[in-house]
Amino acid sequence: MITRTLLALLISGLLTACCSSGTTVVLVPDAGGKVGQVELTTENGTTKLSKANESAQASKAKQAPGAPILLSDSKIHDMFADTLAKEPASPEHYRFYFETGSADLLADANAELARAKTAIQARKSCDLSVIGHADRVGDNEMNRGISMKRAGMVAKSLIDIGIAKECMDIRYYGENDPAIPTADNVAESRNRRVEIEIR
Amino acid sequence: MLLGNKTYLVLHKSAVHFVLLGVLLIFSLPSMADERIGLVKTYEPKASVIRQGAETALGVGAEIFKGDTIVTDSSGAVGIIFNDGAVLTLGPSGKLIVENFLFNPAEAKVSFLSRVIKGSVAFASGAIGRISPGSVQFKTPTATLGLRGTKILIKVD
Chain A
36 MITRTLLALL ISGLLTACCS SGTTVVLVPD AGGKVGQVEL TTENGTTKLS KANESAQASK
96 AKQAPGAPIL LSDSKIHDMF ADTLAKEPAS PEHYRFYFET GSADLLADAN AELARAKTAI
156 QARKSCDLSV IGHADRVGDN EMNRGISMKR AGMVAKSLID IGIAKECMDI RYYGENDPAI
216 PTADNVAESR NRRVEIEIR
Chain B
1087 MLLGNKTYLV LHKSAVHFVL LGVLLIFSLP SMADERIGLV KTYEPKASVI RQGAETALGV
1147 GAEIFKGDTI VTDSSGAVGI IFNDGAVLTL GPSGKLIVEN FLFNPAEAKV SFLSRVIKGS
1207 VAFASGAIGR ISPGSVQFKT PTATLGLRGT KILIKVD
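Protein sequences, first through last, are from chains A and B.
If you use the working numbering, the first sequence corresponds to residues 36 to 234, in order.
If you use the working numbering, the second sequence corresponds to residues 1087 to 1243, in order.
Pulled out of the complex, with its shape left as it was, chain A reads as follows (with noise of 0.2 Å):
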């Protein structure tokens, strides 16, 4: 008798063990193929996630995550797959770009705006943000400036092509979000951009 019970604790035991617990993460590439990284951080330790498909575990707060393993894609797609099958799609970027301290469009804008109102209406996307961005030449005050004006004038041309003003908001980031880190008062082409998001 004693024995049966002993027995049934410790089936349970090791049940638990193998099947629950707390809390899992999966590091997997993102739409682009780019892998981050994630700390899972516990009460007692951290373990960091730093390459495609490597998964650690937190079964308890008190204790130190487990460290990391390596899973196949099948492996994730079976324990995930109700939630990935429902993932939206990733947001779409159509990018312009302006010469030094100028908010006025290049020649070749045109064809970018003509690429993104098919997608807009491919997508039927009431869902837009129209993100202005500077270099850092200059100071931020005048970063911020220079990025409101390039975002309202890629505005303008969308509504001006037949996009409801309604399913956009225009921003502007100023120096704080380039497309290539550089160090203060570098000019970089590749950072004074706007960018239509398309979500």
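Be aware that one or more of the hints could be misleading.
As the list claims (entries may be wrong) - With a Cα cut of at most 30 Å, we get these calculated DSBU-like pairs of lysine-lysine:
no.: 1; chain 1: B; residue 1: K1152; chain 2: A; residue 2: K200
no.: 2; chain 1: B; residue 1: K1204; chain 2: A; residue 2: K69
no.: 3; chain 1: B; residue 1: K1181; chain 2: A; residue 2: K86
no.: 4; chain 1: A; residue 1: K83; chain 2: B; residue 2: K1225
no.: 5; chain 1: A; residue 1: K191; chain 2: B; residue 2: K1181
no.: 6; chain 1: A; residue 1: K159; chain 2: A; residue 2: K200
no.: 7; chain 1: B; residue 1: K1152; chain 2: A; residue 2: K83
no.: 8; chain 1: A; residue 1: K110; chain 2: B; residue 2: K1225
no.: 9; chain 1: A; residue 1: K110; chain 2: B; residue 2: K1195
no.: 10; chain 1: A; residue 1: K83; chain 2: A; residue 2: K110
no.: 11; chain 1: B; residue 1: K1204; chain 2: A; residue 2: K83
no.: 12; chain 1: A; residue 1: K95; chain 2: B; residue 2: K1152
no.: 13; chain 1: B; residue 1: K1204; chain 2: B; residue 2: K1225
no.: 14; chain 1: A; residue 1: K86; chain 2: B; residue 2: K1204
no.: 15; chain 1: B; residue 1: K1195; chain 2: A; residue 2: K69
no.: 16; chain 1: A; residue 1: K200; chain 2: B; residue 2: K1195
no.: 17; chain 1: A; residue 1: K110; chain 2: A; residue 2: K152
no.: 18; chain 1: A; residue 1: K69; chain 2: B; residue 2: K1225
no.: 19; chain 1: A; residue 1: K152; chain 2: A; residue 2: K184
no.: 20; chain 1: A; residue 1: K95; chain 2: B; residue 2: K1204
no.: 21; chain 1: A; residue 1: K83; chain 2: A; residue 2: K69
no.: 22; chain 1: B; residue 1: K1181; chain 2: B; residue 2: K1132
no.: 23; chain 1: A; residue 1: K97; chain 2: B; residue 2: K1204
no.: 24; chain 1: B; residue 1: K1132; chain 2: B; residue 2: K1152
no.: 25; chain 1: A; residue 1: K83; chain 2: B; residue 2: K1181
no.: 26; chain 1: B; residue 1: K1225; chain 2: A; residue 2: K97
no.: 27; chain 1: A; residue 1: K159; chain 2: B; residue 2: K1152
no.: 28; chain 1: A; residue 1: K83; chain 2: B; residue 2: K1195
no.: 29; chain 1: B; residue 1: K1181; chain 2: B; residue 2: K1195
no.: 30; chain 1: A; residue 1: K69; chain 2: B; residue 2: K1181
no.: 31; chain 1: B; residue 1: K1181; chain 2: B; residue 2: K1225
To be verified - Which chain B residues stay away from chain A? Per the calculated CB distances, all over 12 Å, these:
no.: 32; residue: S1134
no.: 33; residue: V1135
no.: 34; residue: I1136
no.: 35; residue: R1137
no.: 36; residue: G1139
no.: 37; residue: A1140
no.: 38; residue: E1141
no.: 39; residue: T1142
no.: 40; residue: A1143
Derived by calculation from the structure, the hints in this document are not laboratory data.
C-beta atoms are modelled at their ideal positions from N, C-alpha and C, and glycine is treated no differently.
Here the structure of chain A is known, so what remains is to put chain B in place on it, guided by the hints.
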């Protein structure tokens, strides 16, 4: 007399400014708190949002606000794209709270904190994660997750 008039004018002006400031505050404070932070893009019944104590069914196009608790039943799922371009999907039998979403990129003031109570989450970070790596965090009953770009899957059971 002239001096008296001038003083009156100055006082009057500052009083107008004071009233204007008050009006601005009244209009700007609630609108900041009320700004939507994301939109529902995909939906599988049933999923709902608990906001200020009231539960409402979600659907494609529904707005998400800071502080929302999102709940799915055993067959439900919901996919959200946030204002910064982050994509979050909550799978079946899930419960998640968007505790903080601060997105003021021009001032480099950004933060994105969610609490996963249970269920599975797929998350790809957006501009907040790019502007300030480490400012995208998830809390679970046993751990904290600090994301430095870009995509993770989380399971809490």
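Cross-check of the supplied hints:
{"no.": "1", "hint": "B:K1152 <-> A:K200", "verdict": "holds (25 Å)"}
{"no.": "2", "hint": "B:K1204 <-> A:K69", "verdict": "holds (27 Å)"}
{"no.": "3", "hint": "B:K1181 <-> A:K86", "verdict": "holds (28 Å)"}
{"no.": "4", "hint": "A:K83 <-> B:K1225", "verdict": "holds (16 Å)"}
{"no.": "5", "hint": "A:K191 <-> B:K1181", "verdict": "violated (41 Å)"}
{"no.": "6", "hint": "A:K159 <-> A:K200", "verdict": "holds (15 Å)"}
{"no.": "7", "hint": "B:K1152 <-> A:K83", "verdict": "holds (29 Å)"}
{"no.": "8", "hint": "A:K110 <-> B:K1225", "verdict": "holds (24 Å)"}
{"no.": "9", "hint": "A:K110 <-> B:K1195", "verdict": "violated (38 Å)"}
{"no.": "10", "hint": "A:K83 <-> A:K110", "verdict": "holds (20 Å)"}
{"no.": "11", "hint": "B:K1204 <-> A:K83", "verdict": "holds (22 Å)"}
{"no.": "12", "hint": "A:K95 <-> B:K1152", "verdict": "holds (28 Å)"}
{"no.": "13", "hint": "B:K1204 <-> B:K1225", "verdict": "holds (11 Å)"}
{"no.": "14", "hint": "A:K86 <-> B:K1204", "verdict": "holds (25 Å)"}
{"no.": "15", "hint": "B:K1195 <-> A:K69", "verdict": "holds (25 Å)"}
{"no.": "16", "hint": "A:K200 <-> B:K1195", "verdict": "holds (26 Å)"}
{"no.": "17", "hint": "A:K110 <-> A:K152", "verdict": "violated (39 Å)"}
{"no.": "18", "hint": "A:K69 <-> B:K1225", "verdict": "holds (24 Å)"}
{"no.": "19", "hint": "A:K152 <-> A:K184", "verdict": "holds (21 Å)"}
{"no.": "20", "hint": "A:K95 <-> B:K1204", "verdict": "holds (14 Å)"}
{"no.": "21", "hint": "A:K83 <-> A:K69", "verdict": "holds (17 Å)"}
{"no.": "22", "hint": "B:K1181 <-> B:K1132", "verdict": "holds (12 Å)"}
{"no.": "23", "hint": "A:K97 <-> B:K1204", "verdict": "holds (19 Å)"}
{"no.": "24", "hint": "B:K1132 <-> B:K1152", "verdict": "holds (21 Å)"}
{"no.": "25", "hint": "A:K83 <-> B:K1181", "verdict": "holds (25 Å)"}
{"no.": "26", "hint": "B:K1225 <-> A:K97", "verdict": "holds (15 Å)"}
{"no.": "27", "hint": "A:K159 <-> B:K1152", "verdict": "holds (26 Å)"}
{"no.": "28", "hint": "A:K83 <-> B:K1195", "verdict": "holds (26 Å)"}
{"no.": "29", "hint": "B:K1181 <-> B:K1195", "verdict": "holds (27 Å)"}
{"no.": "30", "hint": "A:K69 <-> B:K1181", "verdict": "holds (28 Å)"}
{"no.": "31", "hint": "B:K1181 <-> B:K1225", "verdict": "holds (12 Å)"}
{"no.": "32", "hint": "S1134", "verdict": "holds (15 Å)"}
{"no.": "33", "hint": "V1135", "verdict": "holds (16 Å)"}
{"no.": "34", "hint": "I1136", "verdict": "holds (20 Å)"}
{"no.": "35", "hint": "R1137", "verdict": "holds (20 Å)"}
{"no.": "36", "hint": "G1139", "verdict": "holds (27 Å)"}
{"no.": "37", "hint": "A1140", "verdict": "holds (25 Å)"}
{"no.": "38", "hint": "E1141", "verdict": "holds (20 Å)"}
{"no.": "39", "hint": "T1142", "verdict": "holds (19 Å)"}
{"no.": "40", "hint": "A1143", "verdict": "holds (16 Å)"}
Taken one by one, the earlier hints fail for this structure at numbers 5, 9, 17, listed in ascending order.
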